[in-house]
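Position chain B relative to chain A; hints supplied.
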Amino acid sequence: MLLVLKIFKITLSILYIITSWLYGRAFFKDDKIARRLKTKSLIFTLTLHFIYLIIRTAELKHPPVTSVFELLNVLGFSLALAYVIIEFITKIKNTGFFAILIASVLVIVSGIFSRDIYGFEYDVLKNELLALHVTSALVGYSAFALSAIYGLLYIMLYNKIKSKTFDTVYKNLPNLEKIESMLCKSATVGFFALTFVITVGFIWLPKAFKNFSYTDAKLIGTLIIWLVYGGGLGIRKIANLSGKKTATMTIVGFILVFILMGFANAMSGFHRFY
Amino acid sequence: MDLLLVGLNHKTASVEVREKIYYTLEETEKILPEIVYLFLKEGVLLSTCNRTELYGVLKSEEIKPEQLIDFLISKKEATGFVDPSHFYIMRSYDAIRHLLEVASGIDSMLIGDVQILGQVKDAYEVAVKCGVVGTLLHEVFHTAFRTGKRAKSETSISEGAVSVSYAAVELAEKIFADLSKKKGMLIGAGETAELTAKHLVAHGISELYIANRTIERAQKLAEQFNGKVIKLEEIPDKLAEVDIVISSVTVDNYILTFHQVKNAISKRGNKPILIIDIGVPRNVEPKIKDIENVFLEDIDSLESIAKSNYERRLNEIPKVQQIIDEELKKLIKWYEAHQVAPTIKLLRDRFEEIRRLEIEKYKNKFSPEDFEKVDALTKSLINKLLHTPTVNIRESSNGKPESERIKFIQFVRELFGLEQK
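Line order of the protein sequences matches chains A and B. All letters in the first sequence, in the order written, are residues 1 to 274 by the UniProt record's numbering. All letters in the second sequence, in the order written, are residues 1 to 421 by the UniProt record's numbering.
It is possible that some hints are incorrect.
Claimed, not checked - PhoX-like mimics (lysine-lysine), calculated; alpha carbons at most 20 Å apart, straight line:
no.	chain 1	residue 1	chain 2	residue 2
1	B	Lys152	A	Lys32
2	B	Lys75	B	Lys30
3	B	Lys41	B	Lys64
4	A	Lys93	A	Lys29
5	A	Lys9	A	Lys61
6	A	Lys160	B	Lys271
7	B	Lys287	A	Lys162
8	B	Lys307	A	Lys162
9	B	Lys262	B	Lys289
10	B	Lys271	A	Lys178
11	B	Lys271	A	Lys237
12	B	Lys228	B	Lys262
13	A	Lys164	B	Lys307
14	B	Lys345	B	Lys384
15	A	Lys245	B	Lys271
16	A	Lys178	B	Lys183
Stated by the list, open to error - From the derived model, a few chain B residues whose C-beta atoms are all more than 10 Å from chain A:
no.	residue
17	Gly80
18	Arg97
19	Lys149
20	Thr192
21	Arg213
22	Pro236
23	Arg282
24	Asn293
25	Ser308
26	Lys330
27	Glu336
28	Glu352
29	Ile359
30	Thr378
31	His387
32	Glu404
As the list claims (entries may be wrong) - Which bits of chain A does chain B cover? Going by a derived footprint, with three or more residues having C-beta under 8 Å, they are:
no.	stretch
33	174 to 183
34	198 to 212
Worth flagging that the hints you see were computed from the coordinates, not collected in a lab. None of these values were measured; they are calculated from a predicted model. From the three backbone atoms N, C-alpha and C, an ideal C-beta is built for every residue, glycine too.
Isolated chain A (complex conformation):
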């Protein structure tokens, strides 16, 4: 069975690369075949990924949330899923390249480094509150990633119009107002999800870990991110910020998430309580 899981990992990595390539061809080269196949390829990849997650959980007797690399895999999945839902809702079909590229990197990194270990390494992870805590963290960070991607697209289109470069990328992007609305919605969803993460975390962590400490790097990092996004959303409302500044804020916010989470993981692995 471990061999099956390995084959799944390799296949998924290849499928994510193919899907990113298709989205890239459609976006940069306006390739008709890529345009037709990309969403189908993504849905197929996501379906296979979902089956993989189910089989893996059933076989290894634990959900894929017990190590950072397992989480990266689920994060890649949820990012791609969030994107495909947005694609269906907004009918904007050309902007997936960046989201799928990030999802691919996450899935590939997780594929290389995650280990397939039977059962729970830590009994403390057998908890319903943990499931809520981790799921909302995944939703939150996927939403922040999407928000930053739309921020990037906003700045790309903004610069294209300002510099009068009316090329294929210009043609394939939705309008600025729509991109801005999507990046704001994503950031708001991310903020509320993170609020939930922190609330559940504060209830669960002291109960679960005897040596729980408020100085845990990930805990502090998450709080900082929450404050920054909360502050950003507030300032935007109060100071009437719109357009390029909002887009820049989402990118800066996500870079901060990356740095803080990277730093926290380097400092304490998962949470440092065990």
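Positioned in the frame of chain A, the structure of chain B alone reads:
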């Protein structure tokens, strides 16, 4: 195939010539039955500002295409203005290919023109109304409609604005999500500016302010676009309210300065504003393009959008040609299937297949010698049964107009269930 096309278009005749021989739909309705009565078995006359083309099947071999050309010219009293040398004559599959190119927009003056397919449909409907469309033209024109539709949906041949005024609207739609929630301001009344305003109104812009030096002209435009007249001095105040500004006045000083726009953008909460300056000399201080969330575009950028869209359309032509090839192949297949010889062969094959399947069932009930006799007997039976229908199909088709023959063959195919094969 007996199909004939005589016509002229923007490639063979100037606009002065084309307008002399342009037939409105009403005129077409009057003249087409007469043309068909005199020269054709069936016909469709397609006349637009860029082309006048007559598709039809000649009544007899004695009639020459030149007679049709002379008739089209003389009916419009255009002798002297329009010369037969302006016309082209095409036959059979060349004529069909040409029609498919017309319907898909690649023969238009503006490649990818979306209006032409509608005009082809109108021309066909007028011909149907006159009762001069037979089976052949019916099939040919429906192939053309399908080709036009496919070209539009499967390629980007008609995507993107290719005129300057539409390019301005396209640009506005690249910045704003919903034009019906946006306000515009038209300063001055140049031709392009007016056209742009017209397109913006057509795209549902919620309100349009019009400022012009002569109030009468502004009022006239306001009536036309359902807009509101403002004085030139009111422009800075209204600037904070509007999302799109089109300026086209002849002034010595800038009509919009850096400070005015800077103030306006801060008043409107930094929301993006699109300013299109098509005035010569320029109406808007160029350095306002450095203000964040201000998009200043001029005639050059609009032309560049239109040009790049047009180039994109030109790149789509091979894809459209491929669709034309596919549709033409289908039409040829349909046409050939409605010829006499293939139909007779199909009919005989069908009967032979039934015979073979039936005797196969009883193969084990006969000795090999008896089976050979039954096989020969049934073959002869089928041959005798089919002899009269075969002769009749051949004779009934002889000398019949193409459309009638196709209709008859179609009937035979339906009668014997040959279509499903």
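Hint-by-hint comparison with the structure:
{"no.": "1", "hint": "Lys152(B) with Lys32(A)", "result": "holds, 14 Å"}
{"no.": "2", "hint": "Lys75(B) with Lys30(B)", "result": "holds, 11 Å"}
{"no.": "3", "hint": "Lys41(B) with Lys64(B)", "result": "holds, 14 Å"}
{"no.": "4", "hint": "Lys93(A) with Lys29(A)", "result": "holds, 14 Å"}
{"no.": "5", "hint": "Lys9(A) with Lys61(A)", "result": "holds, 18 Å"}
{"no.": "6", "hint": "Lys160(A) with Lys271(B)", "result": "holds, 18 Å"}
{"no.": "7", "hint": "Lys287(B) with Lys162(A)", "result": "holds, 12 Å"}
{"no.": "8", "hint": "Lys307(B) with Lys162(A)", "result": "holds, 18 Å"}
{"no.": "9", "hint": "Lys262(B) with Lys289(B)", "result": "holds, 10 Å"}
{"no.": "10", "hint": "Lys271(B) with Lys178(A)", "result": "holds, 13 Å"}
{"no.": "11", "hint": "Lys271(B) with Lys237(A)", "result": "holds, 13 Å"}
{"no.": "12", "hint": "Lys228(B) with Lys262(B)", "result": "violated, 24 Å"}
{"no.": "13", "hint": "Lys164(A) with Lys307(B)", "result": "holds, 13 Å"}
{"no.": "14", "hint": "Lys345(B) with Lys384(B)", "result": "holds, 15 Å"}
{"no.": "15", "hint": "Lys245(A) with Lys271(B)", "result": "holds, 11 Å"}
{"no.": "16", "hint": "Lys178(A) with Lys183(B)", "result": "holds, 18 Å"}
{"no.": "17", "hint": "Gly80", "result": "holds, 47 Å"}
{"no.": "18", "hint": "Arg97", "result": "holds, 23 Å"}
{"no.": "19", "hint": "Lys149", "result": "holds, 17 Å"}
{"no.": "20", "hint": "Thr192", "result": "holds, 17 Å"}
{"no.": "21", "hint": "Arg213", "result": "holds, 30 Å"}
{"no.": "22", "hint": "Pro236", "result": "holds, 20 Å"}
{"no.": "23", "hint": "Arg282", "result": "holds, 15 Å"}
{"no.": "24", "hint": "Asn293", "result": "violated, 4 Å"}
{"no.": "25", "hint": "Ser308", "result": "violated, 5 Å"}
{"no.": "26", "hint": "Lys330", "result": "holds, 21 Å"}
{"no.": "27", "hint": "Glu336", "result": "holds, 31 Å"}
{"no.": "28", "hint": "Glu352", "result": "holds, 44 Å"}
{"no.": "29", "hint": "Ile359", "result": "holds, 50 Å"}
{"no.": "30", "hint": "Thr378", "result": "holds, 52 Å"}
{"no.": "31", "hint": "His387", "result": "holds, 53 Å"}
{"no.": "32", "hint": "Glu404", "result": "holds, 43 Å"}
{"no.": "33", "hint": "174 to 183", "result": "holds (count 5)"}
{"no.": "34", "hint": "198 to 212", "result": "violated (count 0)"}
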